[in-house]
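S.K.: These are the residues of each chain, in order.
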Amino acid sequence: MDELKKAILDYVVHEYLDEDGDETITADTQLISGGIVDSFSMVSLKRFLEKKYAISIPDRDASPEAFDSVTRIAALVQRLQQGK
Amino acid sequence: MILGTGIDICDAARLQEWLASPDPGLMASVFTPAEVAYCSSKRSPALHLAARYAAKEAVVKALSASPATGSFWLDIEIVNAPGGQPEVRLRGRAADVAAGLGVSRVWVSLTHVESMAVASVILEGGGDSASLP
Chain A
1 MDELKKAILD YVVHEYLDED GDETITADTQ LISGGIVDSF SMVSLKRFLE KKYAISIPDR
61 DASPEAFDSV TRIAALVQRL QQGK
Chain B
1 MILGTGIDIC DAARLQEWLA SPDPGLMASV FTPAEVAYCS SKRSPALHLA ARYAAKEAVV
61 KALSASPATG SFWLDIEIVN APGGQPEVRL RGRAADVAAG LGVSRVWVSL THVESMAVAS
121 VILEGGGDSA SLP
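Residue numbers (this note's numbering), protein chains in the order written: chain A, 1 to 84; chain B, 1 to 133.
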């Protein structure tokens, strides 16, 4: 797993998973449709990404689909870092 | 004619966490300066912010018939009429989506008890009034 995905996965695990739970997630685990990240948490996640990677995520791109897995989020971050 | 409905509930404790956050961008990415100013003037800012958060979510649910994707946080503003009743003001992409659906008026109702806030939204359009079968 590359560094970008690992950093996002670490954040999701730390912020949104129950410390005492036995749930494990991968880069392809469904975060929003799987009920791990709700709309409220998505805002916090978006801000984490914007600050850590010095990007601005337009509202148009901040869709539940784009945030539904670490893999998809990493793809979004990479696209925005490349100015696309 | 009713074109869409939405309802949402929000725990003020989550807004309290945002208010305590050192990142001002967190609040600014969801609430307009006017919304923050209005809620900050209340005895329980977090509860009033929670009601507005729920209202924004309810509007998004009501607009879900549209294929548009993304977030609409700042395109949906909850304002208060001189009499105090809440009203929804749409702009930008949210206004475009509503216009595409034929929405002529957005009705919103807010309520809260203890730490929970609830909002209900009805989209009206395509006729003079809601009709019953």
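Hints in this document: simulated from the structure, not taken from any laboratory. Do not rely on the hints blindly, as some may be mistaken.
As the list claims (entries may be wrong) - Negatives, chain B to chain A, calculated, CB over 12 angstroms:
id : residue
1  : CYS10
2  : GLY25
3  : MET27
4  : ALA28
5  : SER29
6  : TYR53
7  : GLY70
8  : LEU74
9  : VAL79
10 : GLN85
11 : GLY92
12 : ALA94
13 : LEU101
14 : GLY102
15 : GLU124
16 : GLY126
What the hints assert, rightly or not - Simulated DEER-style distance windows between Cβ atoms:
id : chain 1 : residue 1 : chain 2 : residue 2 : range
17 : B       : ARG89     : A       : THR26     : 38 to 48 angstroms
18 : B       : SER109    : A       : LYS6      : 40 to 50 angstroms
19 : B       : LYS61     : A       : ASP18     : 41 to 51 angstroms
20 : B       : PRO22     : A       : VAL13     : 19 to 29 angstroms
21 : B       : LYS61     : A       : ARG60     : 13 to 23 angstroms
Ideal Cβ positions, reconstructed from N, Cα and C, are used throughout, including at glycine.
S.K.: Determine for every hint whether it applies to the structure shown.
M.R.: Hint-by-hint comparison with the structure:
1. CYS10: violated (8 angstroms)
2. GLY25: violated (6 angstroms)
3. MET27: Given a closest Cβ separation of 10 angstroms, the condition is violated.
4. ALA28: violated (10 angstroms)
5. SER29: violated (6 angstroms)
6. TYR53: Given a closest Cβ separation of 8 angstroms, the condition is violated.
7. GLY70: It is violated; B/GLY70 is separated from chain A by about 4 angstroms at its closest Cβ, not greater than 12 angstroms.
8. LEU74: violated (7 angstroms)
9. VAL79: holds (19 angstroms)
10. GLN85: Answer for B/GLN85: holds, closest chain A Cβ roughly 25 angstroms.
11. GLY92: The assertion about B/GLY92 is violated, with a minimum of 8 angstroms to chain A.
12. ALA94: violated (9 angstroms)
13. LEU101: holds (18 angstroms)
14. GLY102: Given a closest Cβ separation of 22 angstroms, the condition holds.
15. GLU124: holds (24 angstroms)
16. GLY126: At roughly 26 angstroms from the nearest Cβ of chain A, B/GLY126 sits farther out than 12 angstroms, so the non-interface label holds.
17. B/ARG89 / A/THR26: 38 to 48 angstroms: The hint (38 to 48 angstroms, Cβ to Cβ) holds, given that B/ARG89 and A/THR26 are roughly 42 angstroms apart.
18. B/SER109 / A/LYS6: 40 to 50 angstroms: holds (45 angstroms)
19. B/LYS61 / A/ASP18: 41 to 51 angstroms: Violated - the Cβ-Cβ distance for B/LYS61 and A/ASP18, about 27 angstroms, lies outside 41 to 51 angstroms.
20. B/PRO22 / A/VAL13: 19 to 29 angstroms: Cβ of B/PRO22 to Cβ of A/VAL13: about 22 angstroms, so the range 19 to 29 angstroms holds.
21. B/LYS61 / A/ARG60: 13 to 23 angstroms: holds (19 angstroms)
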